[in-house]
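Chemist: Listed below are the residues making up each chain.
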Amino acid sequence: MNRKTGLLLLLGLTASAMAVNIDDKLFIGGYTSFEFAKMLNDEGKGDKNGSFDADGADLVIAYQQTDRVRIAMDLNWEHGAATESGLGNVGFEYVYPEYRVFDWLKLRGGKMFTPFGIYNEIHTAKPAYLTIKEAYSTGKIEKMGSDERFYPRWITGVEVTGDVEVGANNLNYAAFVGNGDQADAGLNIFEEDNDKNKAVGGRVLFSTMGGMVIGSSIYFDTKRSYEIPDGEEDPVEVSKENILSVGGQATIPVLGASIELEGIYGQYGDLNRFGGSAMVSYLLKERYTPYIRWESHDPDLDTEDDIAQQVIYGVNTRLDGNLFLKLEMGMVISNEGNSRFKGVDYTEFKAAFVAGF
Amino acid sequence: MKTKIAILLFLGFALAGWCADVKVVVNAANPITSIDKADLQKIFLGKKNTWDDGKKIASMYVKADKPEGAAFFDKVLGIGFSAFNAQWMKMLYSGNATPPQARGNSDEVVNVVSLLENSIGFVAADYNVTNPKVKVITLK
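Line by line, the protein sequences are chains F and C.
Numbering-wise, my numbering comes out as the position in the first sequence, counting from 1, plus 21.
Numbering-wise, my numbering comes out as the position in the second sequence, counting from 1, plus 13.
Please note that the accuracy of each hint is not assured.
In silico lysine to any residue, SDA-like type, Cα no more than 20 Å apart, as pairs [as the list claims (entries may be wrong)]:
id, chain 1, residue 1, chain 2, residue 2
1, C, Lys50, F, Gly231
2, C, Lys76, F, Asp45
3, C, Lys148, C, Ala137
4, C, Lys61, C, Pro80
5, F, Lys306, C, Pro80
6, C, Lys103, F, Glu307
7, F, Lys306, C, Lys79
8, C, Lys61, F, Lys306
9, C, Lys103, F, Ser237
10, F, Lys46, C, Lys61
11, C, Lys69, F, Pro118
12, C, Lys61, F, Asp124
If you are wondering where the hints come from, they were derived from the structure by calculation, not from laboratory data.
The following block holds chain C by itself, in its conformation from the complex (with noise of 0.2 Å):
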């Protein structure tokens, strides 16, 4: 029992270590609330490229020299900023793909996202999403 107390706490300690440090964004015309790690990674990895209504998923992250970044590509899909370039680089470059839109920071992220009812994104943990064409959705 205790062990599987102290396994249940270390997984929400993890858990809540990688969702503390990004909020991911939403357009809010798009009906989804939450959205699982899984399935953020295989967006931004180009794996999914779709969403269930069959719109193409616009995807932007804020570039891996800003904390926001640098936490996305390090714990969020866990494969750092330079393997995520070296496989773009593959599916671009051969034709099968086209690459996620890079951003300077949470603001440009939540002016596009609030632009593109298709797009998904994130911003930085402590950042105040005010604008009402932009909501947050739960990292599960």
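This is chain F alone, in the form it adopts within the complex (with noise of 0.2 Å):
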């Protein structure tokens, strides 16, 4: 057996307990979600019959080509994905290649989630944290109100990040340009922008050896449509806004417990709205942990009665290796003028197979 033969079968055989190094060069890794949800009122926007959802599954890969360079990729299934009968859907959430230059400074290209925030990098990778779903007080904010989110799944463009030593501690930072959002259905956003001004942001993120993280973030684009008139040839802009969302986080440890916060200020356009979470956790026996979650979203700071409220208490047990079952309850509260629940307050029962590799 000659060395690579060794190398490649030592390496190859052996899993680790999150990816499979194929050599020592490429990773793969993913995860699987399998979910119930039955809302235990009459009323209310829960899932009245009870449903199985087949959440998603990804499959993530990371080749690191030489000591400079890798390329990460995921490849995303969400909910059964049977596209011969048109449900769900299949897509890459990111591919980029990457270049080290030093580990301080790196840059990216490509299809990269937006690095805004706790949750939405991490969104579908139901391994990665505790609950269920993410927070939709600051993620998924359409399911508490809002019509239009504090900044956009993804971004197409460039990134440049890194890490730099302060003192024992670490200081992360991102900072984009892409295509950003934009309203027109015609246009592929990955592919094309329909104006020449660029989404920019970024984030920053200063965590202790303890394990205590603090970090912000920040979005800015302008967000135009266009309507092409009876008669022209010519796209004419119909509409403008400004989106400007600001963020911060933490997430704490405290005798034991892990405490996370998130807030987000957002301005679109004229209207000023606020999501929110604070969630307290308890690793017990390094294998359950209890949590509960609150959040609140408020679509239109000027607007009274119109604030929806959740809290989630539940438990997150790991079965084996990355294999864990969330058993949750989430309670909705809202204010009448709130678009999405309308004042109507309800309680859902929610569980969950989650598994990573």
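Two chains, two separate frames, one set of hints: put the complex together.
Modeler: This is the structure in structure tokens:
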């Protein structure tokens, strides 16, 4: 057996806890989530019938081509993805090459998750967080009464990122410029921008060796929409809205517990809105993590009576390896002016089997 | 004076405590002879990814169900395996980094470190490293 064959056998036949090392260059990881939801009330926006959901599966691939070049991609299936029946969706969450100049300076280009807040970059990666769903109050705010999100899921453009040593602590940053979001349905935003304005933003995370993380994110863009008038050939701008979102986040370990806080203030044109969440969790016997999270979303700070809140409590149990069982109850409480919930409060039970490798 | 001596003795015993649980190993071709705890933590938590010569670091750990693995996560990294695992899942799935490789025992770590010049790992404190392509470095 020569050296290379021995190395491949040694590396290839041994799976790590989180990823399969085909050799010392190629990592393949992934995760899947299977969920159930049932609303316990007769009325409300929850699942009345009680449904199983093949929520998603992702294949995460990273290839370390050289000491400096790495290619990262995530192939994603959601909700069954029977495309011949037009059900679910399949896509790449991100694909980008990364060139490392230094640990504190890496360059990326491609389709990427917008680096904003706690959940966006891991929102489909259910093994990576305790609850069954990400915090809707800051991420999927259309599910709490807003029409437009604080920031788009993805950015297509270029990003600089890196880690800077601050004594024994770490400062991670990411800054990007990209196509941003746009209202035109006719254009592929991952291919062509509809205006000269680019979306810009970034995030800074300061983390201590003790596990505390404090960070801030920002996103700015101008969102335009166009129409082609009857008899005309050239599109005419019909709306233009500035989007500015500023977020803060903190994860604080306290006496064995973990406190997670996030808040985002956003402007969309003349609209001012806010979303926030606070979660406390405690790991027991390296396996059971009970948690409780409070979320609040105000779609328009200048309008009274439109706030929606959610309280989620549950237990995340690591059954074995990276297989988790999550059981939780969620209570939605809203004002009558909230466009989604309209003041109809309800409670929903959710369960999920989640596996990662 | 007595207080200073007491503090130094306490720190000495504490240092000896976590140094005694594992030995850090690198490929014999690696010029380093020692590493401090903060740098080791940064390497295994994905904050330091390259050696001084610019080569990518390949880190590997013994699984936490082995005594040397448990000692490493609890006493050297100081965060326990669950927190380590959770942190790496976020970095892996977001595309930001690839995790250290998990190995079944000290033997496997030594075998891989002997084959990869840019690698670093740890073995049990009482493990006798006889492979000439692997060297033990001082954990400061």
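Chemist: If a hint holds in the structure, say so; if it does not, say that too.
Modeler: Now the hints, each set against the structure:
no.: 1; hint: C:Lys50 with F:Gly231; in the structure: holds (13 Å)
no.: 2; hint: C:Lys76 with F:Asp45; in the structure: holds (18 Å)
no.: 3; hint: C:Lys148 with C:Ala137; in the structure: holds (14 Å)
no.: 4; hint: C:Lys61 with C:Pro80; in the structure: violated (26 Å)
no.: 5; hint: F:Lys306 with C:Pro80; in the structure: holds (17 Å)
no.: 6; hint: C:Lys103 with F:Glu307; in the structure: holds (18 Å)
no.: 7; hint: F:Lys306 with C:Lys79; in the structure: holds (17 Å)
no.: 8; hint: C:Lys61 with F:Lys306; in the structure: violated (30 Å)
no.: 9; hint: C:Lys103 with F:Ser237; in the structure: holds (18 Å)
no.: 10; hint: F:Lys46 with C:Lys61; in the structure: holds (18 Å)
no.: 11; hint: C:Lys69 with F:Pro118; in the structure: holds (16 Å)
no.: 12; hint: C:Lys61 with F:Asp124; in the structure: holds (7 Å)
Going through the hint list in order, the structure does not satisfy hints 4, 8.
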